Amino acid sequence: MVRILIDLRRSIARHQLAGAHPALLAVTALLVLASAVGTLLLGAAGYARDGTATDVLALVSLLWVGGRLAQSAMTGEPFLHPELFGLLPVPRRRLARSLLVVGLADPANVLLAVASAAMIARGARLGPAATAAAIAAVLLTVAVTSVLATVAAGLLGPGSRRGHDAGTVLTAVLISLIAMAGTLLPALVSALRDRSAPWLTALLRALPTGWGPDAVAAAGRGDLPGTLLPLAGIAAAGALAAAVWPRVLGRRMQGRRPARRGRGVRAGRRSPLGSSPTGAVAAKELRMWARDPVRLTCLVIALVVGTGAGVVPRVTAGTGLLLPFAGAMTVVIAGACACNVYGNDGPGIWPTIMTPGAARADVRGRQLGWLLAVGPYAVASTLVLTAVSGEARFWPWAVALVTALLGGAAGLLPVASLIAPQPLDAAGNPTPGWSIKVHIALLVVPMTALPTLLALLAGLGWAAVPIAAATGALLAFRLGARAVTVLQERQVELLQTLTRNTQAPH
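Residue numbers (UniProt numbering): 1 to 506.
Hints are computed from structural coordinates only; laboratory data are not their basis. Just so it is clear, the structure is predicted and the values come from calculations on it, not from any experiment. Don't take every hint at face value.
[What the hints assert, rightly or not] In silico lysine to any residue, SDA-like type, Cα no more than 20 Å apart, as pairs:
(1) 284 / 360
(2) 284 / 354
(3) 284 / 357
(4) 284 / 371
(5) 284 / 391
(6) 284 / 361
(7) 284 / 352
(8) 284 / 203
(9) 284 / 356
(10) 284 / 384
(11) 284 / 346
(12) 284 / 375
(13) 284 / 296
(14) 284 / 353
(15) 284 / 345
Produce the complete structure using the sequences and hints provided.
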């Protein structure tokens with residue numbers, strides 16, 4: 001049965017990836033492989049203190065395992081959806097065991113093994129016993145992570161209706177933390193080397209991802225109990241996840257959903273945004289940012305990463321230089337993620353196209369909805385974090401930049417969404433093209449604040465704030481007007497693009 005499932009998975013993967021751009025797949029694979037090799041080199045490097053190597057390996061292990069689990073929770077099992085087996089006369093436990101074995105054949109496990117081999121490189125420096133412990137730790141880490149990824153995909157992935165519960169938020173927070181830690185990896189490694197953040201060392205050692213490096217270090221000291229106990233803990237975590245998996249699989253196959261009450265719309269209830277077409281679109285957008293898994297994930301990532309990029313240096317290095325700009329960084333990330341909202345909606349654009357004169361209300365409503373979703377938090381975090389940062393000289397910089405970026409991002413949102421829209425795949429997940437577009441937008445959104453930045457560099461101080469407000473409002477209005485024109489002129493072409501090769505979710 002395992003062989004049949006592996007062949008089936010391979011066939012489905014070959015069919016789904018047939019339309020993907022080979023160059024994009026190759027570049028992505030090379031970048032991930034380069035990261036894995038870079039992690040391997042961290043294990044081979046020398047450190048002034050013995051404990052530093054263990055801390056660094058625990059950190060990179062957390063990033064790789066966490067990233068693997070976050071990816072599975074976000075996208076689910078992309079090929080063998082549990083719902084496909086609901087009508088098969090196969091015992092649930094047997095099917096569950098088979099799917100766990102199939103999960104071990106995932107190519108992502110190879111990359112995780114290369115990265116985890118940093119423990120073997122470290123063990124080779126400490127002696128044969130440490131090397132043997134490192135090999136055991138790598139095998140256990142890869143196997144247990146594969147089991148946990150399978151469970152995460154079944155519990156939180158597409159098809160589990162995670163968009164209607166806390167699963168989306170949990171997944172988004174995990175992705176955010178992993179992305180933030182990966183971005184700040186050099187600063188975190190420096191903090192571990194300097195012992196400037198004892199809490200970070202304690203946290204990394206306590207998490208299961210730190211047990212493997214702990215076992216390697218203990219084997220290097222000749223501490224047998226200290227070697228076996230962490231390895232046994234990893235194995236126990238995998239056994240617990242494997243024991244839970246049949247129940248999770250059963251719920252997915254039977255389509256059980258918790259009952260939800262009180263979600264109905266009360267008759268005569270008025271929207272606080274009014275009854276105008278623009279207000280109706282804005283209200284719909286607010287609901288989409290709160291309920292759609294892709295949008296909510298992006299929004300939470302923007303909030304966590306934007307704020308964390310300012311807070312982490314304060315906690316680890318004692319510098320508050322980035323705290324005033326946490327709101328601005330949040331706006332940049334949220335604006336970049338919003339630059340494909342039409343692509344995210346897919347065929348849902350049909351009502352707008354079929355309603356005469358709806359283009360303007362649709363564009364302006366999307367702009368207003370995004371501003372209401374992001375603006376209050378960005379402004380509040382800017383004011384609060386600037387006040388506690390102790391960097392009073394950055395007040396005009398923080399206020400001016402967040403003002404300019406809010407207007408600029410709101411202007412880019414609709415027009416960038418209509419330029420090369422990237423529809424989601426058949427399972428409702430972002431595609432490589434979507435990811436590339438967001439990364440390009442991460443570079444373009446900050447450029448909308450260039451006039452404000454030049455005014456600040458020229459020493460205008462608070463005088464840069466009205467410049468920021470003027471340029472932001474101008475960009476929001478003019479780019480929005482341009483988006484209305486594009487939407488009116490290319491409605492049919494847009495619908496064809498968003499419905500081309502569209503398949504119903506499995």
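Evaluated hints:
The suggested pairing of residue 284 with residue 360 holds, with an alpha-carbon distance near 15 Å, which does not exceed 20 Å. Restraint check for residue 284 and residue 354: the C-alpha separation of about 18 Å stays at or below 20 Å, so the hint holds. Taken as a hint, the residue 284 and residue 357 pair is honoured in the structure, with Cα atoms around 18 Å apart against an allowance of 20 Å. Under the criterion of a C-alpha separation no larger than 20 Å, the hint pairing residue 284 with residue 371 is consistent with the structure, at around 13 Å.
This hinted pair does not check out: residue 284 and residue 391 have alpha carbons roughly 39 Å apart, beyond 20 Å. With a C-alpha separation of about 12 Å, the suggested pair residue 284 and residue 361 falls inside the 20 Å cut-off, and the hint holds. For the given pair, residue 284 sits about 13 Å from residue 352 by alpha-carbon distance, which is consistent with the 20 Å threshold. Taking the CA atoms of residue 284 and residue 203, the gap is about 41 Å. The hint is violated against a cut of 20 Å.
Restraint check for residue 284 and residue 356: the C-alpha separation of about 19 Å stays at or below 20 Å, so the hint holds. For a cut-off of 20 Å, the pair hint linking residue 284 to residue 384 is broken: about 30 Å separates their Cα positions. With a C-alpha separation of about 15 Å, the suggested pairing of residue 284 with residue 346 holds against the 20 Å cut-off. This hinted pair checks out: residue 284 and residue 375 have alpha carbons roughly 17 Å apart, not beyond 20 Å.
For a cut-off of 20 Å, the pair hint linking residue 284 to residue 296 stands: about 14 Å separates their Cα positions. Of the pairs offered as hints, the one joining residue 284 and residue 353 holds, with about 17 Å between alpha carbons and a cut-off of 20 Å not exceeded. Simply put, residue 284 and residue 345 have alpha-carbon atoms about 12 Å apart, close enough for the 20 Å limit, and the pair holds.
Going through the hint list in order, the structure does not satisfy hints 5, 8 and 10.
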